[in-house]
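There are 2 protein chains.
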Amino acid sequence: MNPLEHLERRLGYSFNDQGLLTRALTHRSQGAKNYERLEFLGDALLGVVIAETLYKKFETANEGQLSRLRSSIVRKETLARVARALNLGEHLLLGPGELKSGGFNRDSILSDVLEAIIGGIYLEVGHDVAAARIADWFATELASLSLSQTQKDPKTRLQEYLQARALAPPEYKVINVEGKSHDQIFTVQCCGSELPPDLIGEGASRKIAEQNAATAALKILQLD
Amino acid sequence: MNPLEHLERRLGYSFNDQGLLTRALTHRSQGAKNYERLEFLGDALLGVVIAETLYKKFETANEGQLSRLRSSIVRKETLARVARALNLGEHLLLGPGELKSGGFNRDSILSDVLEAIIGGIYLEVGHDVAAARIADWFATELASLSLSQTQKDPKTRLQEYLQARALAPPEYKVINVEGKSHDQIFTVQCCGSELPPDLIGEGASRKIAEQNAATAALKILQLD
Numbered sequence: 230m231n232p233l234e235h236l237e238r239r240l241g242y243s244f245n246d247q248g249l250l251t252r253a254l255t256h257r258s259q260g261a262k263n264y265e266r267l268e269f270l271g272d273a274l275l276g277v278v279i280a281e282t283l284y285k286k287f288e289t290a291n292e293g294q295l296s297r298l299r300s301s302i303v304r305k306e307t308l309a310r311v312a313r314a315l316n317l318g319e320h321l322l323l324g325p326g327e328l329k330s331g332g333f334n335r336d337s338i339l340s341d342v343l344e345a346i347i348g349g350i351y352l353e354v355g356h357d358v359a360a361a362r363i364a365d366w367f368a369t370e371l372a373s374l375s376l377s378q379t380q381k382d383p384k385t386r387l388q389e390y391l392q393a394r395a396l397a398p399p400e401y402k403v404i405n406v407e408g409k410s411h412d413q414i415f416t417v418q419c420c421g422s423e424l425p426p427d428l429i430g431e432g433a434s435r436k437i438a439e440q441n442a443a444t445a446a447l448k449i450l451q452l453d
Numbered sequence: 230m231n232p233l234e235h236l237e238r239r240l241g242y243s244f245n246d247q248g249l250l251t252r253a254l255t256h257r258s259q260g261a262k263n264y265e266r267l268e269f270l271g272d273a274l275l276g277v278v279i280a281e282t283l284y285k286k287f288e289t290a291n292e293g294q295l296s297r298l299r300s301s302i303v304r305k306e307t308l309a310r311v312a313r314a315l316n317l318g319e320h321l322l323l324g325p326g327e328l329k330s331g332g333f334n335r336d337s338i339l340s341d342v343l344e345a346i347i348g349g350i351y352l353e354v355g356h357d358v359a360a361a362r363i364a365d366w367f368a369t370e371l372a373s374l375s376l377s378q379t380q381k382d383p384k385t386r387l388q389e390y391l392q393a394r395a396l397a398p399p400e401y402k403v404i405n406v407e408g409k410s411h412d413q414i415f416t417v418q419c420c421g422s423e424l425p426p427d428l429i430g431e432g433a434s435r436k437i438a439e440q441n442a443a444t445a446a447l448k449i450l451q452l453d
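Just so you know, the protein sequences line up as chains X and C, in that order.
At position 53 of the first sequence (counting the first as 1) the number is 282 in my numbering, and the numbers step up by one without a gap.
At position 82 of the second sequence (counting the first as 1) the number is 311 in my numbering, and the numbers step up by one without a gap.
Simulated from the structure, these hints should not be mistaken for laboratory data.
Treat the hints with care, as some may be off.
[Unchecked claim] Under the rule of at most 20 Å between Cα atoms (straight-line distance), these lysine to aspartate or glutamate pairs were calculated in the EDC-like manner: (1) C:K286 - X:E353; (2) X:K262 - C:E288; (3) X:K285 - C:D246; (4) C:K402 - C:E431; (5) C:K436 - C:E389; (6) C:K285 - C:D357; (7) X:K262 - C:E292; (8) X:K305 - C:E292; (9) C:K286 - X:E265; (10) C:K436 - C:D412; (11) C:K285 - X:E265; (12) C:K262 - X:E288; (13) C:K285 - X:E353; (14) C:K285 - X:D246; (15) X:K285 - C:E353; (16) X:K286 - C:E265; (17) C:K262 - X:E292; (18) X:K285 - C:E265.
[To be verified] The following residues of chain C were derived to be distant from chain X, with all beta-carbon distances above 10 Å: (19) S337; (20) V403; (21) I414.
[Unchecked claim] Covered stretches of chain C, as calculated for chain X (at least 3 residues, CB under 8 Å): (22) 258-268; (23) 284-293; (24) 350-364.
Don't be surprised by glycine CBs; every beta carbon is placed ideally from N, CA and C.
The whole structure should be built from the sequences, with the hints applied where relevant.
What follows is the structure, encoded as structure tokens:
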């Protein structure tokens, strides 16, 4: 079995046109016949396949939540993780400069090549087969998604809740700082005219302590 | 024939589930069961169908050019034009506020509804039928595309050309302004050490005159 056959076995798809697979693996540093056009196509197909999966999986999610969930899947870091699980790095065709600087393990190149391979499959056999491959490769990533991760941060949610009721935004006051300079604990109080007085958050930075104080407020308001 | 049947005839597609079409036509001002989730799906499908069409039509285009061509199709104004040609405005389901403020003719709502209908067809019968409808509805817009429109503006192209040859960027000098304050003609000269001296552009603003002077330079350099 030649190396590309090994790759195809892992992908779960054999290209009719091996030239298409080779092109999908070729970085622009290696030549003009590179993966960039295929990547354009694959990026778009991945977008709609993930959109459909999320649409069906999260029936109560609104458009903004679906959009945030999709972003968490189609971002470079997630694609590179999937590409590494498929061992794509072993098969990249890179120019000497990229080879020397470790391009075979760079997130941006790995994610581009994954998209280019998706584009190649779509071009050869259409949407349905490509969608099935995507569902297979991204199964773990998709299974780990939950609607709760689409929520905005606690301070934003608290502010929006108060705003919607025409109440003033809360104030955050640092009421205590303990410890040495690189190991401090901040204690912050979240204050508002309609809020109880004892909403406290702690954290290693003022910012974290404020978010924790806002979380305490959301709990009291039964929004968390 | 009821109004929705008229619409379906224009769309070239009859929904199995009329509720899906109704939902695709319903703005959020009219209720919680609105088009927003379908729009999320349709937007993504439109993206890949246009991507594939352009990939096949423009074999020499690079990724950046394909991306710029797609943007010119999937932008709000183009989608609204297609939506108007399909008379979508007549069938929108809007809340009282949107109705009063002319929402049935607003570009953003028309383009959203077009995407939602695409999403509904994709959901009912899949990629291929939806792609065929898109090809039909967008035929005129797609036929009018040309690779030349993907070019960057003349000043940028001139600067990049000179930069690639390690030459200094050109200078643009206003050499004449004629006419009254709201009806002026600017004349600008494009100057550079490797450029001939008589590269002149005119225009109703300094900016336009500069672009025209850069165009004159590109012509002399046989880049236009």
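Structure-based check of each hint:
no.: 1; hint: C:K286 - X:E353; result: holds (16 Å)
no.: 2; hint: X:K262 - C:E288; result: holds (12 Å)
no.: 3; hint: X:K285 - C:D246; result: holds (17 Å)
no.: 4; hint: C:K402 - C:E431; result: holds (12 Å)
no.: 5; hint: C:K436 - C:E389; result: holds (18 Å)
no.: 6; hint: C:K285 - C:D357; result: holds (16 Å)
no.: 7; hint: X:K262 - C:E292; result: holds (12 Å)
no.: 8; hint: X:K305 - C:E292; result: holds (18 Å)
no.: 9; hint: C:K286 - X:E265; result: holds (16 Å)
no.: 10; hint: C:K436 - C:D412; result: holds (15 Å)
no.: 11; hint: C:K285 - X:E265; result: holds (14 Å)
no.: 12; hint: C:K262 - X:E288; result: holds (12 Å)
no.: 13; hint: C:K285 - X:E353; result: holds (12 Å)
no.: 14; hint: C:K285 - X:D246; result: holds (17 Å)
no.: 15; hint: X:K285 - C:E353; result: holds (12 Å)
no.: 16; hint: X:K286 - C:E265; result: holds (16 Å)
no.: 17; hint: C:K262 - X:E292; result: holds (12 Å)
no.: 18; hint: X:K285 - C:E265; result: holds (14 Å)
no.: 19; hint: S337; result: holds (14 Å)
no.: 20; hint: V403; result: holds (40 Å)
no.: 21; hint: I414; result: holds (42 Å)
no.: 22; hint: 258-268; result: holds (count 3)
no.: 23; hint: 284-293; result: holds (count 4)
no.: 24; hint: 350-364; result: holds (count 5)
Against the hints set out earlier in the document, no violation occurs for any number.
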